[in-house]
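Engineer: Each residue of the sequence shown is one higher than the one before, starting from 443 at the first, in our numbering.
Simulated from the structure, these hints should not be mistaken for laboratory data. The reader is advised that the hints may include incorrect statements.
What the hints assert, rightly or not - Keeping only pairs whose Cα atoms sit at most 25 Å apart, straight-line, the calculated PhoX-like set for lysine-lysine is:
no., residue 1, residue 2
1, K588, K774
2, K633, K699
3, K719, K774
Unchecked claim - Now the in silico label distances, taken between C-beta atoms and shown as ranges:
no., residue 1, residue 2, range
4, V609, G689, 30 to 38 Å
5, A829, K742, 36 to 44 Å
6, R546, S773, 17 to 25 Å
7, D844, R944, 26 to 34 Å
8, D509, W685, 41 to 49 Å
9, G689, F869, 42 to 50 Å
10, L936, A695, 49 to 57 Å
11, W685, R728, 38 to 46 Å
12, R735, V609, 15 to 23 Å
13, F869, A950, 31 to 39 Å
Beta carbons are placed, not taken as given, at the ideal position from N, Cα and C, and that holds for glycine.
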Amino acid sequence: MVKDGSLLVGFYGLQPPIGVQFPHFRAPRVGNSDKSSTFGGDWCTPWALKSARKPMESYLLSTTQNDLTTAPIPELVRRLTIPASIGFFFNTMYNVVDTYFAGRLSTDALAALSLSFPIFFILLAMGSGFSTGAGALIGNALGAGKRREAACCASQGLLMSTLVSLVIMVVGYVAVEPLFRLLGATDEYLKICLDYMHIILAGTFLPLTGFMLNGILNAQGDMTTYRNYLIGATVLNIGLDPWLMFGGFGVPAMGIKGLALATLIAQFFGVLYMAWKTRQTGLLYRSEGAHWRPQPVELKAIIGQGVPASLNMMTVALGILIITWFLSHFSKTAVAAYGVATRIEQLVLMPTIGLNSATMALVAQNGGAGRFGRVRTIVRTALGYGAVATALGALLIWFGADFLMGRFTKDPAVIDIGGHYLRIAAFVQYAYILLFVNVSALQGLKMPGFGLWIGLYRQLAAPALVFGLATWVFDFGLDGIWWGVFGITWSAALVAVWYARRQVDRLAGMEVVLDQPATAEV
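With the sequences and hints as input, model every part of the structure.
Structural biologist: In C-alpha cells:
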C-alpha cells in the first residue's frame with residue numbers, strides 16, 4: 443500500500459538538430475536605457491553576448507545530448523532509469539543508515555523513527571508535489587520548444603517551494619505533538635519523537651528546495667545530479683550519524699537529535715551542489731526567461747498541477763499513519779518491524795523506482811511535442827523492464843526475509859514479524875511498478891487528478907475499511923493488515939493500468955505524425 447548554448451552555433455558554425463528551437467535571448471539594459479534586443483538583433487553589446495554565453499552553451503549541450511523526443515525509446519528509458527535508480531538506492535541507504543544507528547540506541551528510538559516518518563512525509567508532501575507539477579510543466583514546455591516558458595516555470599517553482607516551506611514549518615511545529623500523541627506516543631517515547639522532529643522541522647527549507655531543483659533537472663532528462671547528491675549525502679551521513687549520536691572529538695553525545703542534525707547537514711551541502719548544477723542549465727537566468735518576482739499566470743499553472751500531486755503524496759503519508767495506527771494497537775514491536783521491513787522493500791525496489799522519474803520526464807517532453815505514439819511505447823517499455831527487475835527482487839525478499847531483517851535489529855520478535863510481512867510483500871512488488879509508472883505517465887501528460895483519486899482509495903478509504911474489518915470484525919490479527927496491503931495495492935494497480943492505457947490510446951489515436959523518423963518507436 444505505502445511505499446513511496448546555442449553560442450556554439452554562431453561561433454563554430456554548428457547547425458542545430460532538426461526540430462530544435464533556440465531560446466529568445468534579451469540583452470541586459472545599459473544604464474538607464476530602455477532599449478533591449480534579441481541575441482543577433484540590431485542592438486546587442488559585447489557585454490550582453492558575454493552574459494548570455496553560459497546559459498546558451500548549456501542549452502545546446504543539454505539539447506544535443508538528451509533529445510528525449512526522437513532518440514530510441516529503450517535507450518532513453520535505460521539512460522534515465524539507471525542513474526535515477528542508483529540515486530534512489532542511495533536515498534534509501536540514507537534512511538537505512540539512520541534506521542541502523544537508531545536501532546543501536548534502543549528499540550524505542552527505532553520505533554520513534556518509524557513513527558516520525560509518516561509525519562515527516564506529510565510535511566514534505568506539499569513541497570515534493572509542487573516540484574512534480576512544475577517538472578511536468580517544464581518538460582511539456584521544452585518538448586513544445588517553448589524554452590522561455592520553461593525557464594519562467596523553473597524560477598516560479600523555486601519561489602513557490604520557499605513559500606511552502608515556511609507554511610510547513612509553522613504548521614508542523616503546531617501539529618506535531620498532537621499527532622504523536624494520537625499515534626500513541628507518551629512519556630520518554632514522545633520526547634524522543636519530538637527531539638527528532640523539531641530539528642527536522644527547523645530545516646524544512648532544505649529538502650523542499652532540493653525537491654524543486656531536482657524537478658527542474660529531471661524535466662531536462664538530468665537524472666545524474668540527484669544521484670551524485672544522494673551518493674555524497676549517504677557517505678557523509680555514515681560518518682555524521684555515529685559521531686553526532688554517540689559523541690567524540692569534542693562533540694557531546696546527542697542521541698536522536700544527532701541523527702536529525704546529521705540529516706540537515708547533508709541536505710545543506712546537497713542543495714548547494716544541486717543549485718550550482720541547475721544554474722548551469724541556463725533555466726535560472728533572466729536572459730532565458732526566468733522571473734524572480736511572482737508571476738500570477740505561471741504560479742496558477744504550477745498550483746493547478748502541484749496541488750493534486752501534493753495531495754496524492756499526502757495520501758501516502760496519511761496511509762502510513764493509518765497502518766501505523768492499526769499496528770500500534772498490537773505493539774511497538776509491530777511498528778518497529780514494519781518500519782524496518784518497508785526500508786528493505788524500498789531497497790529491493792531500487793532497480794525499478796527510477797522508472798517513475800524516467801517515465802514522467804520522457805512522457806512530459808513527448809506529450810509536449812504531440813508524440814503520443816511514443817508515449818504509449820515509453821509506458822510499455824518501462825513496465826517491461828520493471829517486470830524483470832521485480833521478479834528478481836521478489837525472490838530475494840522471499841528467501842532472505844529473516845536474514846535481511848536481522849541486519850537491522852537483534853530483537854527476535856521484530857525479526858519474526860517483519861520477516862513474515864516481507865514474504866507476503868514479495869507478491870506485491872510488481873503491483874507497485876504498474877501503479878507508479880502509469881500514474882507518472884498521467885502526471886507527465888498534465889493529468890494529475892487520477893493520481894489523487896487512486897491515492898485516496900489506496901491510502902485512506904480502502905485501508906480504513908479493510909484493516910478495520912480484518913482486525914476488529916474477523917480478528918485476523920497482523921495477517922489481516924499484511925494481506926490487506928496485498929489486496930488493496932493490486933486492485934489500485936489494475937485500475938491505474940486500465941485508466942492510463944485508455945487515456946494514452948485516446949491521445950495516440952488523435953496524433954498526426956509529421957516528419958517523424960522511422961526509428962522513433964524502436
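Engineer: All hints, please: hold or fail.
Structural biologist: Here's how the hints hold up against the structure:
As the CA atoms of K588 and K774 are separated by approximately 53 Å, the hinted pair breaks the 25 Å bound. Between K633 and K699 the CA atoms are separated by roughly 11 Å; this keeps the pair inside 25 Å, and the hint holds. For the suggested pair K719 and K774, the alpha carbons sit about 43 Å apart, so the restraint of at most 25 Å is broken. Judged by the Cβ atoms, the range 30 to 38 Å given for V609 and G689 holds: they are separated by roughly 35 Å.
At roughly 39 Å, the beta carbons of A829 and K742 sit within the given window of 36 to 44 Å. Checked against the given bound of 17 to 25 Å, the beta carbons of R546 and S773, roughly 21 Å apart, stay inside it. Distance hint check: the CB atoms of D844 and R944 are about 42 Å apart, inconsistent with the given range 26 to 34 Å. Hint check: D509 to W685, Cβ distance near 45 Å, so the stated range 41 to 49 Å holds.
For G689 and F869, the Cβ-Cβ distance of about 44 Å falls inside the hinted range of 42 to 50 Å, so the restraint holds. In this structure, L936 and A695 meet the distance hint of 49 to 57 Å, their C-beta atoms being roughly 50 Å apart. The beta-carbon spacing between W685 and R728, approximately 42 Å, falls within the hinted interval of 38 to 46 Å. Under the hint 15 to 23 Å, the C-beta atoms of R735 and V609, about 20 Å apart, fit the expected range.
Under the hint 31 to 39 Å, the C-beta atoms of F869 and A950, about 32 Å apart, fit the expected range.
Of the numbered hints given earlier, the model fails hints 1, 3, 7; all others are met.
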